[in-house]
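Quick mapping for you: the protein sequence lines, in order, are chains A and B.
Be aware that the first sequence starts at 1, since it is given in this note's numbering, and climbs by one per residue.
Be aware that the second sequence starts at 1, since it is given in this note's numbering, and climbs by one per residue.
You can trust all of the hints, since none of them are fake.
With a straight-line Cα cutoff of 35 Å, these simulated DSBU-like cross-link-like pairs (lysine-lysine) come out:
| # | chain 1 | residue 1 | chain 2 | residue 2 |
| --- | --- | --- | --- | --- |
| 1 | A | K191 | B | K72 |
| 2 | B | K51 | A | K191 |
| 3 | B | K72 | B | K145 |
| 4 | A | K250 | A | K395 |
| 5 | A | K251 | A | K405 |
| 6 | A | K250 | A | K405 |
Some, not all, of what chain B presents toward chain A, calculated at C-beta under 8 Å:
| # | residue |
| --- | --- |
| 7 | V21 |
| 8 | R22 |
| 9 | R31 |
| 10 | V105 |
| 11 | Y124 |
| 12 | D153 |
Hints are computed from structural coordinates only; laboratory data are not their basis.
Quick caveat, the model's predicted, so the values are computed rather than measured.
Where is the CB? At the ideal position from N, CA and C, for every residue including glycine.
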Amino acid sequence: MLSEPEARELLHRAVSTVAVSGPPADELVRRGLRSRRRTHVTAVLGVAAAVGLVAVGSVVVSDIAGPADLPAATSTIATTNQAPSPSQGATTLPATRLVGMGPVAVTVPAQWGTNETRCGTPLEDTVVFEGNGVRSCFVSQRDVSSVHFGPISAWEPRSWEQRSTRTVDLGALTITRSGIGLHYEGPREPKYVFSVGVVTVPSADIAMWVMSTDQTVVRQILDSVQAVPDGYVAIPLSGLVEQADLEVVKKQVRRPGLSDGVLLSADPPLGSVVPRGSTVTVRVSTSSTQANADDQLIDYVHDLAAGSTTPPNNIDRPYLPVTLGLGDEVVRVENLSSLDRGASWLILRDHFNGYSGPFSARDYLATDPDTWAVTDEGQQFCPWGRADDLPGFEKDRRLTIEPSKLTDCTQWWAVDVYVDNSGRVNALSLNLVEP
Amino acid sequence: MDTGVEIDYAAYVRARWDALVRSALLLGCSRVEAEDVVQTALLRCFTSWAKVQASDVPDAYVYRTLVNCLAKSRRRRWWQETPMSPLPDGQVDDLAESAASRATVLAALDTLTEQQRAVVVLRYYADLSERQVAEALGIPAGTVKSRLSRGLDRLGRELSDHGVDARQDEEKTC
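Hey, can you work out the whole structure from these sequences and the hints?
What follows is the structure in structure tokens.
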């Protein structure tokens, strides 16, 4: 018989050399917090699924009920009652929303994002529209839930579908719905096991699949599938958005590394079910032509600050005015031709955002442009928000020049360049930060 | 849960992760399964971390959760293990000798009943006292003693059948 010390020694020695991966403490805290939220979300989805069934019913009888029963024309459809009646007690249920593609929609928690992915891999709980300018790279899977929309060819059929898929009629819309299968990924060991279910709309060439490590989430989202109500439309992908019955406002955004015309986001988000005729603002990566024009413009601004007297003649009119600003405040107007003198840039002010004056955007614009990041929306490097537009220049395009790298947010600066449709610089505004 | 509790929880995970995974190995898991089941157990503890902290011996609470999760995962295994390509069990940095020794010890542990094995591992690897083992497994202290006695007896016989002796092994490594 082994003695106690011998047993202790044997057991310890037997496993002492086993390689154990590092303790995933932060990951467990994150998942723990998420799991607590998910418990809540699951409860919400239970309600959402029930409401979804009601919504399907309302589609079936919509000829009788009419569009008056649908939400107000300016809002997307939120499907969960946010103001429970007294009989429901004090619990307030978080909102859920309808998201869809073409004629089909499902209910997801309202806090889910849209296309929260990197290299095609969901980073947060999200709705994903497939084939939207994903770059070729790899990011390992995370324990998040996602609903994917795309053409049927984007869905890779699984063997278990054959025996579990059935046809379902949603009023006039015929869909197929699979059971729920399991999905692993990874070259070695599966870190996560996802439950997966898929719905297809053969008549519209649409597939929608749901993935989650929580099977209940998959089941309840699948249960919420419904036809998009009459008079409503699911905001579609770029290229199709103009064809839908929507008013589209397009904003171009510089995103180095992205191909031209990639739809970056929409407001309301892609897939939101909105009344026909609603206004949708979409952000699209700039075309290469636009990017080249921007590069010229940035070079011009740099040359201007460096005292160059030969700016490109296609955008220079020496007599035209340029407004100088600090943050969102107009300070004064100078002639373009006068900006070749450093003194013309100076803004005398005792104090601005924690810095003592005088201030000059020229100090920053004369630095090496290779160290700049130029974007339409600011990089949001640091926690503070972006300043409001300079008054009077809201209709201009606002290019923001910032340092591309920062080690300390107190070193941050930005110069907003306001440019009109003809490429003319109307205003330059310096932004500094409260230390 | 406030930040202080999360910090305390994360510190516990960092301190006990290796020991918990190795305990799960001794309880009969593969390495992959061991890490999974420990993660599951720790996640479960996260939601009741206040109870863990309030208990006399947090380790006993966590080990109890681990043993329960392991039992549950074994009950569910029929559907969880969907066929895949074989999963490599990362032992590349093991010395051949220690791997062989481990295989022998694990094989000997395999001959114990599940209950004996849990008692032996919690007592002699997790270093819980007999009272804490009893608490962790929800059994009387007397049952712990009897299972330990039978377990050690069986383990000793199995190891001597394989020519393994704890003291000889110790001498070799010295």
